[in-house]
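Peer 1: Sequence:
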Amino acid sequence: MLRRSFLVTGAALAALPACANAPERSMRVAPRPNDILARSAPEAVALVAEAGLVGKVGFAVADANTGEVLEVLNPIRPQPPASVAKAVTALYALETLGAGHRFETRLVATGPIRGGRLNGDLVLVGGGDPALDTDGLNALAAGARAAGLTEVGGRLLVADGALPSFARIDRTQPDHVSYNPAVGAVNVNFNRVHFGWKRNGSGYATSLDARTNRFRPDVSSSRIRVADRSLPVYTYAREGAVDSWTVARGQLGSNGSRWLPVRNPAVYAGDVLRSMLRANGISAPAAGRVATAPAGTVLAREQGAELTRVARSMLRYSNNLTAEVLGLTATVDRGIRPPTLDASADVMSAWLAERARTRRADFDDHSGLNATTRISAADMVTMLTARGAMARLRPILKEMVIEGDARIPVQAKTGTLNFVSGLGGYFNARSGRPLAFATFCADLDRRNGLSLAERERPPGGRDWARRARSLQFDLIERWERVHA
2 MLRRSFLVTG
12 AALAALPACA
22 NAPERSMRVA
32 PRPNDILARS
42 APEAVALVAE
52 AGLVGKVGFA
62 VADANTGEVL
72 EVLNPIRPQP
82 PASVAKAVTA
92 LYALETLGAG
102 HRFETRLVAT
112 GPIRGGRLNG
122 DLVLVGGGDP
132 ALDTDGLNAL
142 AAGARAAGLT
152 EVGGRLLVAD
162 GALPSFARID
172 RTQPDHVSYN
182 PAVGAVNVNF
192 NRVHFGWKRN
202 GSGYATSLDA
212 RTNRFRPDVS
222 SSRIRVADRS
232 LPVYTYAREG
242 AVDSWTVARG
252 QLGSNGSRWL
262 PVRNPAVYAG
272 DVLRSMLRAN
282 GISAPAAGRV
292 ATAPAGTVLA
302 REQGAELTRV
312 ARSMLRYSNN
322 LTAEVLGLTA
332 TVDRGIRPPT
342 LDASADVMSA
352 WLAERARTRR
362 ADFDDHSGLN
372 ATTRISAADM
382 VTMLTARGAM
392 ARLRPILKEM
402 VIEGDARIPV
412 QAKTGTLNFV
422 SGLGGYFNAR
432 SGRPLAFATF
442 CADLDRRNGL
452 SLAERERPPG
462 GRDWARRARS
472 LQFDLIERWE
482 RVHA
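Residue numbering for the sequence shown follows our numbering, starting at 2 and increasing by one per position.
Careful: at least some of the hints might be erroneous.
Label-pair distances were calculated between CB atoms; the ranges are [what the hints assert, rightly or not]:
| hint | residue 1 | residue 2 | range |
| --- | --- | --- | --- |
| 1 | Asn201 | Glu152 | 34 to 40 Å |
| 2 | Lys199 | Arg279 | 41 to 47 Å |
| 3 | Pro43 | Pro340 | 48 to 54 Å |
| 4 | Asp343 | Leu445 | 17 to 23 Å |
| 5 | Gly154 | Ser221 | 18 to 24 Å |
| 6 | Glu355 | Pro295 | 37 to 43 Å |
| 7 | Ser221 | Asn449 | 49 to 55 Å |
| 8 | Gly116 | Thr373 | 53 to 59 Å |
With a straight-line Cα cutoff of 20 Å, these simulated EDC-like cross-link-like pairs (lysine to aspartate or glutamate) come out [claimed, not checked]:
| hint | residue 1 | residue 2 |
| --- | --- | --- |
| 9 | Lys57 | Asp464 |
| 10 | Lys57 | Glu69 |
| 11 | Lys199 | Asp229 |
| 12 | Lys199 | Asp219 |
| 13 | Lys57 | Asp444 |
| 14 | Lys199 | Asp210 |
| 15 | Lys57 | Asp446 |
| 16 | Lys399 | Glu307 |
| 17 | Lys57 | Glu307 |
By construction, these hints were calculated from the structure, which means they are not laboratory data. We put the beta carbon where it would ideally sit given N, CA and C, even for glycine.
Given only the sequences and the hints, what does the whole structure look like? Please build it.
Peer 2: Set out below in structure tokens:
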């Protein structure tokens, strides 16, 4: 492999000719360059062979301005893109909702305030904001206090009907992983709750809270019990409106913490809001849930950042909840209320086929967490080179710099699942020519053979992922020379 160091501030690329991973069919590619610099670059087939990846490798690289295909390997093989799918979701949301779209959360009173008492209900109306957190709920509570509220005489409600709600993104994931939370119109702290534990004599003191840097309110919408066992590490059950967890004593050690997913986001939001109201001198009952937001007076509102900033953050930090909310909101905005995330992703797949003339893209969610999603390297590059796509995506994709014989800034999205690795985006060849690329690597036999217990830390997974990413960077270094 080429020897170099990586300064990571973004993501990477992919494409190549025939080799041990034999192409399923040929694509029309540009003639091979004949200059000395190009001839000095390692052959892509040699790079793939040296990587020693079991499974399938597919890539395509093209001129980002013209769409001219320059180099391919297995270009039409559908592969799981993992989080590279988020680049498609970003374009889908930006072109459907508009770059200036802002999510809004409101606090609505259904009656008058007299002497500080609200003679009616106080309703938190969710608008889907994926970045709403405990600080935002505190700001809403402070706004209500500034409006003269000190007591809620009616009910405290959470209205979450603006979007469909789903208890998790992917049912095949372990219950306790925080990157697989519920999704809906009200999302607080990325629908995660903080679990902490400390040894206390022969037992443990545990805590569950909705912490941010400023606040750490305890929650009652989730609870956890330490169980006398070694495995399984966690169990989950829904008990009424409560997320009920157990954790194995034999796995805790002395002390520690982790985030757990929230499965009842409306109840969780109401729980945290009640604490923030109390902190601002407002008494309120325990919260309930309603689907439809009632009419009333807006006491306070919280607006999120413009969608371009939200999408940039989503691509940078690869947050699954944000991706699902963006995709789901775009689908609802198109007049469709999907019954499942898969159905919403089907709408995005159809949009992509019409927008970019892709052939085989089949998304099962908007984040790429579901390993049944499929897109080929050719279709991914077709999307990246579609009219207007580079202008929207390249400025918001995370940047990394490959430091080797040449310094190569790359703007791209990475994707990683167990024995699945993808990279897709843009970089400039040595001449300044902009290139678009996608590389997908997957060993699905090995992935499908993992037990549930192995999925969080699969044996051999880290080494496989390292070799896949190194191959993707090696290919970029080749293309930067060869396709100048």
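Peer 1: Hint by hint, note whether the structure agrees.
Peer 2: Hint by hint, here is what the structure shows:
In this structure the hint that Asn201 and Glu152 lie 34 to 40 Å apart at CB holds, the actual value being about 37 Å. In this structure, Lys199 and Arg279 break the distance hint of 41 to 47 Å, their C-beta atoms being roughly 26 Å apart. Taking 48 to 54 Å as the suggested C-beta distance range, the pair Pro43 and Pro340 conforms, at roughly 49 Å. In this structure the supplied range 17 to 23 Å holds for Asp343 paired with Leu445, their Cβ-Cβ distance being about 19 Å.
For the pair Gly154 and Ser221, the supplied restraint of 18 to 24 Å holds, since their beta-carbon distance comes to about 22 Å. Look at Glu355 against Pro295: about 38 Å separates their beta carbons, and that is inside 37 to 43 Å. Separation of Ser221 from Asn449 is about 39 Å and departs from the stated range, judged on CB atoms against 49 to 55 Å. Hint check: Gly116 to Thr373, Cβ distance near 58 Å, so the stated range 53 to 59 Å holds.
Distance restraint check for Lys57 and Asp464: the Cα-Cα separation of roughly 16 Å lies within the 20 Å cut-off, and the hinted pair is therefore satisfied. In summary, the hint linking Lys57 to Glu69 is not supported, as the alpha carbons are separated by about 24 Å, beyond the 20 Å threshold. The suggested pairing of Lys199 with Asp229 holds, with an alpha-carbon distance near 16 Å, which does not exceed 20 Å. As the CA atoms of Lys199 and Asp219 are separated by approximately 16 Å, the hinted pair is consistent with the 20 Å bound.
With a C-alpha separation of about 6 Å, the suggested pairing of Lys57 with Asp444 holds against the 20 Å cut-off. For the hint pairing Lys199 with Asp210, the CA-to-CA distance comes to about 15 Å; that is within 20 Å, so the pair holds. A C-alpha spacing of about 10 Å is found between Lys57 and Asp446, which places the hinted pair at or below 20 Å, so the restraint holds. Proximity of Lys399 to Glu307 is assessed by CA-CA distance (about 18 Å); at most 20 Å being required, the pair is judged to hold.
Pair hint Lys57 plus Glu307 does not hold up; C-alpha atoms about 39 Å apart against a cutoff of 20 Å.
Going down the numbered hints, you'll see the structure goes against 2, 7, 10, 17, while the others check out.
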